[in-house]
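Enquirer: Chains as they are written, first to last, in this note's numbering: chain A, 525 to 1146; chain B, 9 to 249; chain C, 103 to 291.
It is worth saying that the hints were derived from the structure and are not from the lab.
Quantities reported herein were computed from a predicted structural model and do not represent experimental measurements.
All C-beta atoms in this analysis are idealised placements derived from N, C-alpha and C, irrespective of residue type, glycine included.
A portion of the hints provided could be inaccurate.
[To be verified] With a Cα cut of at most 30 Å, we get these calculated DSBU-like pairs of lysine-lysine:
| hint | chain 1 | residue 1 | chain 2 | residue 2 |
| --- | --- | --- | --- | --- |
| 1 | C | 159 | C | 270 |
| 2 | C | 159 | B | 126 |
| 3 | A | 1073 | A | 1100 |
| 4 | A | 595 | A | 620 |
| 5 | C | 159 | C | 143 |
| 6 | B | 126 | A | 1073 |
| 7 | B | 35 | B | 241 |
| 8 | A | 777 | B | 171 |
| 9 | C | 187 | B | 126 |
| 10 | A | 1073 | B | 62 |
| 11 | B | 194 | B | 233 |
| 12 | C | 116 | C | 190 |
| 13 | B | 62 | B | 35 |
| 14 | C | 253 | A | 1073 |
| 15 | C | 270 | B | 126 |
| 16 | C | 190 | C | 270 |
| 17 | A | 1110 | C | 253 |
| 18 | C | 253 | A | 1100 |
| 19 | B | 233 | B | 220 |
| 20 | C | 190 | B | 126 |
| 21 | A | 777 | B | 170 |
| 22 | B | 233 | C | 270 |
| 23 | C | 187 | A | 1073 |
| 24 | A | 712 | A | 678 |
| 25 | A | 1110 | C | 270 |
| 26 | A | 1110 | C | 187 |
| 27 | C | 190 | A | 1073 |
| 28 | B | 126 | C | 253 |
[What the hints assert, rightly or not] A few chain B residues that don't get close to chain A, going by computed Cβ distances all over 10 Å:
| hint | residue |
| --- | --- |
| 29 | 39 |
| 30 | 50 |
| 31 | 78 |
| 32 | 89 |
| 33 | 91 |
| 34 | 180 |
| 35 | 191 |
| 36 | 205 |
| 37 | 216 |
| 38 | 221 |
| 39 | 223 |
| 40 | 224 |
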Amino acid sequence: MTETDTIDAVLDRHRRDGTRLVQILREIQEQLNWLSPATLTRVAEGIGWPRAMVSGTASFYSFFHTRPRGKYCVLWSDNITDRMLGNAELMDAMCKKLWLEPGRVSEDGLVSVNTTSCTGMCDQGPALLVNYRAVTGMTTARLGEMVGLIREQKPVAEWPAEWFKVEDNVRRAGILLGGDFVPGSALKAALSRATAYATEASNFRSVKESLPAGMAGPLTMLDEMGKSRLRGRGGAGFSTRMKWEACRNAPLKAGHTRIVVCNADEGEPGTFKDRVLLTSHADLVAEGMTVAAYAIGATRGFIYLRGEYRYLLEPLEHALARRREAGLLGRSILGTQGFDFDIEIHLGAGAYVCGEESALIESLEGKPGRPRIRPPFPVTNGYLDQPTVVNNVETFASAALVALHGGEWFAAHGTEKSSGSKILSVSGDCERPGLYEYPFGVTVRQVLEDCGATDTQAVQISGPSGICVAAEEFGRRIAFEDLATAGAFMVFDESRDMFGVARNFAHFFAHESCGFCTPCRVGTTLVRNLMDKIARGHGSPYDINELFKLHRVMQGASHCGLGNSACNPVFDTLNKFRPAYERRLKSLDYEPAFDLDAALSQARQMTGRDDAAAHLTNEAEA
Amino acid sequence: MTTDLTFQLDGEDIAFTPGQTIMQAAKAAGVYIPHLCWHPDFPAHGSCKLCTVKANGRFGSGCTMEAQAGMVVENRTAELDDKRRTLLQMFFVEGNHFCPSCEKSGDCTLQATAYELKMMSPHFDMFYPDRPVDASHPDVLLDFNRCIMCSLCVTASRDVDKKNVFAMGGRGILGRRIHINSESGKLADTDFALTDRAAGICPVGVILPKRKGFAVPIGERRYDKAPINEQVKEPLKEATP
Amino acid sequence: MNAPMNTAPVAAKKLKVATTSLAGCFGCHMSFLDIDERILKLLELVEFDRSPLTDIKHCGPCDLGLIEGGLCNAENVHVLREFRKNCKILVAVGACAINGGLPAQRNHLDLRDVLEEVYQTEYLLGRAGIPNDPELPLPLDKVHPIHEVVKVDYFLPGCPPPADAFWKLLTDLLAGRTPTLGHGLLHYD
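I would like the entire structure built from these sequences, with the hints used as guidance.
Expert: Below, the structure written as structure tokens:
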């Protein structure tokens, strides 16, 4: 098959539909290794889009290669938890063995080695991706073998299967992880709450006539959602019932439908609960989506799965196929006329910002994942301008339980303002990293005790964009009214350097900023540069003041949550662990932005000079 | 439409019609809100964030926020102008803005806005990026060293010229840039023409007509004559062939 | 730290002013001299220390230092530090001092390539080789504005700043006012 045939086959499979561009590019790259200029031209012609838009999308996502990449592309997950497990030393050793500079493709085009943002394997790191397949638990021994296989050019598919093994590591199960869910049971419960006639009529009318009010079946479900007091699990904690109701009530234009999107772009470093839900509880999630579709009158659904979880694509496709066979997806679900709903899976391609719901929708439409101007919100103008509900994986799983057991049952768990349970992804300095599901309201101290953490200095709750909690705050509770979280719980013991933690996060945000708005695009880079300057031992109190100043500007002026929260880890650690910064400062005065003596090194080399005048001291001279 | 709808902008009553943004209403009233990526003829882009105002105590972009009756909006306060100055300094360090060599100097919105906000220095450490210059087109030069990512050329080429010569692509400080609609990436290989609306829309000195440089003497250029805040009602002068 | 607190009225003593040009073209100094006859009035209020106008080679304790030009080589760094050490107030004057200016246009090139092109490849100087006399200051790999190496108190933009802007800055500083530049005086070209 020629390259052109390969491209055309992929285009045809996607009906030459431009909104599927991210999927088209990924599938072509999986076969052709990279996206050459000619490939992009052919794709643009195929989908009838301007070529500049196609290259604009291709160049947005970290996992797309618009320049030739190595036959083996190794990307080390670079979350702070991977760092703590020694990934930097391992990657360094790998580069040395392969005679490589990080980020460069080897001369023979065989291999490249680089870092990538957290791959969601924090409880079983150091982790990496090889040709976008997840590998866990790297060791020196494994590294040696891997280098050998790369040199032999052994196809990744033939590598030892245990390297690709991903554990669930469920340490404490609650209503979500511990339930024995029977596929279809939640939907049946939802349908049975209203009379059969009312159910059928309501669905039929809400879909066909887009009439939102007075519908018995779906409204009964919405009532249950109201009683459950379920709030979004992605971190923001918006009322799920209100979101669904707003979507249901949004006017529908001709030819439009309502859309249900499952946000499985679990990009927040330190979070990996959605991976386990999709691995071992896929039916619960899909059923929750179907319940949502029933309640709001949606006919189309998407799971937006982060590219790092590419290995879950086929198992999820199978799970959806089983549901179709069982009459739980497709036309007339469970024999209910007018209840039509199906789900397709879209893979992301390495862009944290796509976890923001409007950026995710842009990506679903084949575009760069840039957060939209809001309002309008997705509930009224979402995917292809249609009313769209975007919820987190865990939210849908919870919604299935609400449908199954009723809202009051659900609300009996957790606290007044935070009903239900929360799955925490625990990693870092503890004996038993993994998933811990608690009713809302559990204290940080309790979690630390359960996971076997000792001498804990700090916990980063909800990832870099969340909050850094110091020891005196360990009595605080995991709940929307206290410590709201999307799930990450990274533990740092007394031996850890909290400045290093914040610096790792600063690098993360600078890498993941989409670049749309000025404060985030430039600000995240300025913050990273200042943190690097302090790390090199060239900082001064002036630089710390600059960090505070950037925090103020970025927080007020950024376009989306990424920029608004990008300085949180720096701000928190500056307030709670300031000595970690201060002991690195060079002077109390003002320090140059760059290493002056190093700035003369090229000239020294070119002239062969090494006399006193060929050097500059970095501290102010006498 | 009734005109008794008003909101307060720095203590002054501003009339608006329903659906108008704070920026649109202010412009109609002749009141200057600093901005770079907003253009009255096009939908708001909302990327530069220079028009950040405080509406009922909350920060937001004046170009995207709809005016509401009775809203209290702060605009030219010391706090907001400080933020804006910092944003301008971010522009000046992320690109290569060497005004003395730029044909747009004196007519440049970025420069005029920096004068208005009394930006005395770039303050931060300079990035000095290595960005390309595209001189392939017979009539137009592209110097991306000065690009502020406002996307006005993208919008004008798409919506007015119907050509889609430009698209914004890439990610972050290193990646984000204008993509040209040709496989070579060269402007000469597109159907771009000097008569396009997109040819004259650039608020800075990226898209420049060839053989026309420095035609107006210093002292007579647009922002030599009056500061930008006194030209709110002036029609925007676009470079035309 | 350089002079004891002076409780006498400011005007009673002449201010000491030093000026220099680093990687600049002296255009800012030329523009400064365009204040014309006002320089006589200025001399009633200030006396010059190190400056191209006095030919004094090293800067003593001063009230005010005006720096034209950016940092292109090691000597520029030494001179700038001498000024910062001795001047209570340091002003970056002109585009080069503030953002690197014209010399910084080499920053997208590798210094190695620049030196090779000029001293080894280029037709006229090509045979001379790269000079390595210890008397010559070594070039920095990039040109930098001065605020990247020392703290700068005020900035006077322009290429060059107009004479009236110099005058405004100096009269403001002499009168103890924070310098400001209005429309027409503040420009970057």
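Enquirer: With reference to the structure, classify each hint as holding or not holding.
Expert: Here is how each hint holds up against the structure:
no.	hint	result
1	C:159 x C:270	holds, 27 Å
2	C:159 x B:126	violated, 35 Å
3	A:1073 x A:1100	holds, 18 Å
4	A:595 x A:620	holds, 18 Å
5	C:159 x C:143	holds, 25 Å
6	B:126 x A:1073	holds, 18 Å
7	B:35 x B:241	holds, 7 Å
8	A:777 x B:171	holds, 28 Å
9	C:187 x B:126	holds, 28 Å
10	A:1073 x B:62	holds, 18 Å
11	B:194 x B:233	violated, 37 Å
12	C:116 x C:190	holds, 14 Å
13	B:62 x B:35	holds, 17 Å
14	C:253 x A:1073	holds, 17 Å
15	C:270 x B:126	holds, 15 Å
16	C:190 x C:270	holds, 19 Å
17	A:1110 x C:253	holds, 15 Å
18	C:253 x A:1100	holds, 28 Å
19	B:233 x B:220	holds, 21 Å
20	C:190 x B:126	holds, 24 Å
21	A:777 x B:170	holds, 26 Å
22	B:233 x C:270	holds, 20 Å
23	C:187 x A:1073	holds, 27 Å
24	A:712 x A:678	violated, 49 Å
25	A:1110 x C:270	violated, 37 Å
26	A:1110 x C:187	holds, 18 Å
27	C:190 x A:1073	holds, 25 Å
28	B:126 x C:253	holds, 19 Å
29	39	holds, 20 Å
30	50	holds, 13 Å
31	78	holds, 19 Å
32	89	holds, 12 Å
33	91	violated, 5 Å
34	180	violated, 5 Å
35	191	violated, 5 Å
36	205	holds, 16 Å
37	216	holds, 20 Å
38	221	holds, 27 Å
39	223	holds, 31 Å
40	224	holds, 29 Å
In this structure, the earlier hints numbered 2, 11, 24, 25, 33, 34 and 35 are contradicted, and the remaining ones agree with it.
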